[in-house]
Amino acid sequence: MSSNPPSENCCAKVTLHSGKPQGSIEKIGNLNCYVTSNFNFNSEKYLFIFPDIFGIELVNTQLVADKFSDCLNYPVIIIDIVNNDPFKLDGLLDFPQWKINHPVELTVNLIKEFFIDFEKNLKNNETKAKFLAGIGYCFGAKYLSHYLTKDGLLDVGAFAHPSFVDEDELSAIRKPLIISCAETDSIFPRDLRFKSEEILSNSKIPYQIDLYSQTEHGFAVRGDMTVPQVKYAAEKALTDQVLFFKFHDSSDSSDSSGACKC
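Be aware that the sequence shown starts at 1, since it is given in the UniProt record's numbering, and climbs by one per residue.
Please keep in mind that the hints were generated in silico from the structure rather than gathered at the bench. Quick caveat: nothing in here was measured; it's all calculated off a predicted structure. Among the hints, a few may not be true.
Computed beta-carbon distance windows for the label pairs [to be verified]:
hint	residue 1	residue 2	range
1	Glu44	Asn83	25 to 33 Å
2	Asp151	Ser18	36 to 44 Å
3	Asp166	Asn83	20 to 28 Å
4	Asn42	Ile116	14 to 22 Å
5	Asn125	Gln97	37 to 45 Å
6	Asp191	Val104	20 to 28 Å
7	Lys150	Gly29	24 to 32 Å
8	Glu197	Asp151	18 to 26 Å
9	Leu16	Ser213	21 to 29 Å
10	Glu119	Leu93	32 to 40 Å
11	Asn30	Asn73	23 to 31 Å
12	Val104	Asn124	28 to 36 Å
13	Asp224	Asn125	39 to 47 Å
14	Gln229	Lys150	32 to 40 Å
Every residue, glycine too, gets a C-beta built ideally from N, C-alpha and C.
Please construct the entire structure, taking both the sequences and the accompanying hints into account.
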């Protein structure tokens, strides 16, 4: 495997962030999604967030979506890949029990239906997408990988502390990929990080792998932002992801080599 399965010890640790999300919960097809305040079906560019086990209603992920939207200047959609059944912060249900209700096939089909409905909405608005990006956090990275294959819908992708991605899924990726890694991560440890680098290098695709010291699994969306190194790592990861998306956006006429202005 290129990353291990999620575990309760790493995946269930959350430090809630302060701030007021500016977006809203909207239905796309049959699925609830968090959409940023600039959302509409007339945009030619979108970023899709494949969230971790806490789904679309974790304030941290919503704030991250808003930040991406401000930086990229196009809509961001958090897909409810856990189908209105997020892992609860109260800890009353353990992760293995929760995982039984979210088999891979069910989640794959759920996301497939979402994108069918999304494309229908674009067509109904006579809009043709020019650039589609995706980012997968932890649990979501596995499912994002399916949309980064040669015939995948998305043009570029990002993983942050990925889990449950197997070697075949990583080997099948043919779109540019950036991975943001934690120094301490039993799910994506050093040996699997090195293996992933080998796979991506052999695939001959554009890729970037960043490692942040003094961070743990989940830092990019669930880390303690009162800790300077964690705050720096989370902000730097997002900035690098924005620049990576812009650099690989062939429809973007702006200078994507400069500093992020968000």
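Here is what the structure says about each hint:
| no. | hint | verdict |
| --- | --- | --- |
| 1 | Glu44 <-> Asn83: 25 to 33 Å | 29 Å, holds |
| 2 | Asp151 <-> Ser18: 36 to 44 Å | 42 Å, holds |
| 3 | Asp166 <-> Asn83: 20 to 28 Å | 22 Å, holds |
| 4 | Asn42 <-> Ile116: 14 to 22 Å | 19 Å, holds |
| 5 | Asn125 <-> Gln97: 37 to 45 Å | 41 Å, holds |
| 6 | Asp191 <-> Val104: 20 to 28 Å | 24 Å, holds |
| 7 | Lys150 <-> Gly29: 24 to 32 Å | 26 Å, holds |
| 8 | Glu197 <-> Asp151: 18 to 26 Å | 25 Å, holds |
| 9 | Leu16 <-> Ser213: 21 to 29 Å | 24 Å, holds |
| 10 | Glu119 <-> Leu93: 32 to 40 Å | 34 Å, holds |
| 11 | Asn30 <-> Asn73: 23 to 31 Å | 29 Å, holds |
| 12 | Val104 <-> Asn124: 28 to 36 Å | 31 Å, holds |
| 13 | Asp224 <-> Asn125: 39 to 47 Å | 41 Å, holds |
| 14 | Gln229 <-> Lys150: 32 to 40 Å | 38 Å, holds |
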